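Undergrad: So the protein lines, in turn, are chains A and B.
With this note's numbering as the guide, the letters of the first sequence map in order to residues 1 to 309.
With this note's numbering as the guide, the letters of the second sequence map in order to residues 1 to 305.
If you are wondering where the hints come from, they were derived from the structure by calculation, not from laboratory data.
Mixed in with the good hints, there may be bad ones.
[Unchecked claim] Pair by pair, the computed Cβ-Cβ distance ranges are: (1) B/224 - A/109: 30 to 36 Å; (2) A/205 - B/266: 56 to 62 Å; (3) A/58 - B/61: 47 to 53 Å; (4) B/158 - A/109: 40 to 46 Å.
[To be verified] One-sided excerpt, in silico: chain B residues whose CB lies under 8 Å from chain A: (5) 158; (6) 161; (7) 162; (8) 275; (9) 276; (10) 279.
Only a predicted model underlies this, so the values are computations on that prediction, with no experimental measurement involved.
The beta-carbon is built from N, C-alpha and C at its ideal position, and this holds for glycine as well.
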Amino acid sequence: MRSVVTGGAGFIGSHLVDRLVDDGHEVLVVDDLGTGRADHLTDARRRGSVKLHQLDIRDPDLATVFGRFRPATVFHLAAQASVPASVADPLHDASVNVLGTINVLEASRSADAFVFVSSGGALHGAGATLPSKESHKPRPDAPYGAAKLAGQIYVELYERAHDLTAVTLAPSNVYGPRQNASAEGGVVAIFARSLLAGRPGTIFGDGTQTRDFVFVTDVVDAIVKAAGSRRAAGRVLHVSTGIETSIRRLHTLVAAAAGGPDTPRMADAKPGDIVRSCLDPSAAESTLGWEAWTPLDKGVAKTVAWLRP
Amino acid sequence: MKVLVTGGAGFLGSHLTSRLLSEGADVTVLDDFSSPSPLAEGLTARIIEGSVVDPPDLDGPYDLVAHLASPASPPRYLLDPVGTLRTGAEGTRQILDRVQTWGSHLLYTSTSEVYGDPEVHPQPETYRGAVDTGSERACYDESKRYAESLIHAYRRTGRIRAASIVRLFNTYGPGMDPRDGRVVTAFLTCALAGEPLPIFGDGTQTRSFCYVDDLLDGLLEVIERRVSGPINLGSDAEITMLELAEAVEALLGDNGRTFHPLPDADPKRRRPDLTLAREQFGWSPSTPLAVGLATTADYLRSVQA
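Whenever a hint applies, use it, and build me the whole structure from the sequences.
TA: Shown next as structure tokens:
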């Protein structure tokens, strides 16, 4: 099986490449290495067939690159992934996340299956009923969410207009080894870095704000299960645990794993930070037979172990 | 891999135990030996004799707990409806508490009976079922439904994470108890004895029969691929009881038929929607009915000889 992974040198993308190699796929990674790192693929390249093509997903040559490789499945994970960056420069964000996604879809018209990894939390915004369902009217609070929403509308359009089994997965806060501490959900990595250095983490706000943390290899498992699924075709599925964890509780878990002091420094809340966030995973469960299996304490322990110097 | 199979001495349990042992797993069987079935030749598992309702020391932890223990054939569960409900409820709770302590992956074998007498055909996993709580066989249906709910509750409250629920449709094959009251064994034992085949109702009610080796292939895929389910496993080749009778007569000779009234709340049609299993691991049963019936008949002949 031949698969393309855009953003395959990134956090989730590189874990997906690891899994595809284990499953015997030939993989072409398309990544501009802006935030992705080639060394995330070192192990996968040793174990299987992984080619890395350094290219921006907006590049007009993308269709030629895909055409030469003839993938059966395209996993589209490349993105401008920072919410604050999208606020600072919405045009650049839309250029990558909307136009880039359209360029990847155009290049994928000869493929059989397409999986778009969007964002769950960024679509719903503040005030949604929890846990949020896919059927809730999306109401993004930042350009990033608006662009991801546009991307998934294009995916659904290509699913109907072309012979492409396409699905959008919308993960909640993904965490795990290789996560860039600045990215969304990076709070696990940020706490872990501080605590491993013997310093407590900093909590912005009173710590009662909640997130739905899902471990990266569980997300990868959902991506693999969604690829080519006729049942999932044309749909948007949350990839999440459905469990709310407060930031204060997370600090306790990271402190226990890292061995640092569970005495977080408290700072003022960041403006625009969502108070509570939790996504209902039941549609993915019944459609894909998938469920997030990694308990938070185990996932945190693995993340801390990876960061430990 | 360390595996505990509850009900590992039963029909399906002994097949699962044999398969896991032959793949190199370290298997322990917990069973009360109320309906024992032989393991494949040359294989031995560690046996702990006891009931899931009040289990002895199980010597954990285990990587995988396959929880199969339950009366599963109508004569067995109708004989002790209260015990059947206790096995589903208290037995499953006891196992879940241990799964929580050990951090094991749980495989739970639920049943197509959770769909009751279904109003939709075939039945997808999303169908919620139509069970009459007051019917005779509800003791089995509801014990399995309760156990599924209990697993969801343990997941939702964070007590366990890794659980696979499979809903098994009618399974047959060597190792079945000749007196289990299931239609396949009833027809085969009658035909082997030269007796007429008993038909309930007018024989137009349908079932789908999955050969046990095919089912095992599906179960192992579910375990390996961490499919949470609920996921249907079974055969979607739906046949009437009259067609089954014809297949048995073609194999073992025609001795005529007797007709009997339909039992209480006997589902008229049952066929799995296998989309999820096909999409997730390309599984569908492949053993032809005539081949599976012949192998099963050989087994029944050997135990009755």
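Undergrad: Could you tell me which of the hints above the structure violates, numbers in ascending order?
TA: none
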